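A.B. asks: Chains as they are written, first to last, in our numbering: chain A, 154 to 384; chain B, 154 to 384.
Every clue listed holds true.
Copies of one chain are not kept apart here, so a pair can be met inside one copy or by any two copies together.
Keeping only pairs whose Cα atoms sit at most 27 angstroms apart, straight-line, the calculated DSSO-like set for lysine-lysine is: (1) K381 to K259; (2) K317 to K259; (3) K366 to K317; (4) K317 to K381.
No lab work stands behind these hints, which were simulated from the structure alone.
Predicted model only: the values in this text are computed from it and were never measured.
There are 2 protein chains.
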Amino acid sequence: MDATARERTKAEQAKASVRRSATPAPNASTRAYLALSNMIKDRVLKGGQSIVEQRLADELGVSRTPLREALQRLEGEGLVTKLSNQPYVVRQVDLRDYLQSMNVRKILEAEAAALAAGRVDITALNEARAHVLELEQSEPYDTHAHWACDEQVHGLFINACGNKIMADMLFELRTTTRLFEIARLADRLRRTSQEHIAILDALEASDANAARKAMAAHAQSLIDFAVKSVG
Amino acid sequence: MDATARERTKAEQAKASVRRSATPAPNASTRAYLALSNMIKDRVLKGGQSIVEQRLADELGVSRTPLREALQRLEGEGLVTKLSNQPYVVRQVDLRDYLQSMNVRKILEAEAAALAAGRVDITALNEARAHVLELEQSEPYDTHAHWACDEQVHGLFINACGNKIMADMLFELRTTTRLFEIARLADRLRRTSQEHIAILDALEASDANAARKAMAAHAQSLIDFAVKSVG
DNA sequence: CGTACACTTATTGTATACAATTAGAATGCA
DNA sequence: TGCATTCTAATTGTATACAATAAGTGTACG
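Start from the sequences and build out the full structure, keeping to the hints where you can.
C.D. replies: Next up, the structure:
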């Protein structure tokens with residue numbers, strides 16, 4: 154048995170879920186996991202809502218066993234929480250959690266941007282830039298495209314930073330901060346475009362310090378807005 | 154239900170509630186989780202070893218269901234990995250993983266130390282210092298005490314940094330770096346004492362910059378040693 | 001009325017049977 | 001022998017029954 158081939162990182166799992174057409178036939182627990190992920194992201198399941206396992210399993214067309222497996226994976230990612238002998242609850246990211254997560258992102262993701270400077274594929278970078286500019290023009294603002302674009306920009310340098318561990322942690326952090334932003338920062342989304350462009354510019358110039366600064370500024374900007382509008 | 158049966162029920166409820174206040178009544182999956190955690194830490198289960206669910210379940214005296222639940226928790230923490238339709242495998246932290254993890258720790262844990270400067274309980278700090286000094290004297294070097302002491306020192310400022318998200322990430326990172334250190338850096342353990350003292354000194358002086366530097370130096374020192382002795 | 005207690009119901013926790021899949025052995029053929 | 005193929009055994013994936021627990025409801029008693 155091969156020791157190097159057995160790792161499946163969270164980032165890779167996410168990527169795999171995007172291009173599902175290539176994968177043969179996901180098993181029941183994976184289907185449930187992907188479905189639940191989307192239900193939470195799309196707020197079909199709202200924060201604070203408790204989950205009755207049998208009902209949800211029936212809805213998704215699987216039995217409780219793979220459903221619970223999916224819920225446990227989601228718990229590991231912080232999308233749901235659970236107390237012993239009590240139902241799973243969809244995580245509600247409060248301001249405190251959000252700010253703490255953003256402060257970690259500010260440190261870590263800025264470093265990732267710096268590490269990635271000079272290592273990102275220029276074609277992918279230009280594609281990302283084009284999408285940001287296109288998104289900026291949409292009227293009304295295309296929320297769904299926003300998150301795809303956000304993923305594209307951040308994924309660009311996170312996956313190019315050369316540190317898989319760091320990438321995995323950022324994947325998890327971004328998963329939870331996104332929950333908060335979807336629920337409470339909808340007004341702020343449009344403004345991210347120019348901050349994203351600033352990051353892309355720094356990456357294209359292979360300027361590690363500028364990339365770090367641009368990413369940190371982006372994070373700080375979100376922090377400031379959250380404190381002002383929610384706190 | 155007759156009177157004696159009612160009495161017995163009451164007594165059992167009372168006992169249960171008493172026990173709940175003492176220990177949170179560990180269910181089968183939690184027992185399995187704790188047992189496995191220790192088995193991996195103590196290298197009863199060695200890195201790379203694949204796990205046959207039924208056999209291990211029998212060993213632990215639980216059925217496969219709670220065992221799998223435990224394994225999934227451990228997968229979330231990075232102690233085991235799994236590919237679809239293949240057995241769980243005890244994670245083998247290779248040099249690459251270790252260095253990447255340590256680089257993240259160097260960034261994040263240094264920041265945690267800085268944040269904690271001036272916030273740690275002085276009594277706990279002195280206790281930790283005493284244990285470090287005591288450990289340093291042990292002959293032969295007490296490996297078990299080493300890890301308890303390591304946990305005490307790092308836990309001291311990680312839990313005092315005021316950012317629970319950051320603390321959680323560091324818990325997970327330290328879990329995996331410890332796997333590597335137990336397996337491959339046994340010789341290096343003794344040297345951590347004086348680095349730990351340096352961190353404690355900075356914390357006691359409430360000097361954030363010194364704490365950050367001391368922690369980063371500690372991480373870098375481990376990185377250097379790993380590269381030299383393993384690479 | 002209100003409170004506490006027993007009782008019923010709903011839900012999570014666990015065991016186990018079975019299905020699907022994988023790995024390995026045996027077999028056939030060139 | 002070497003290779004591919006088919007069968008067999010072992011193991012993981014899923015469904016489901018049942019046990020333990022928590023939540024809700026009604027009732028007796030003060």
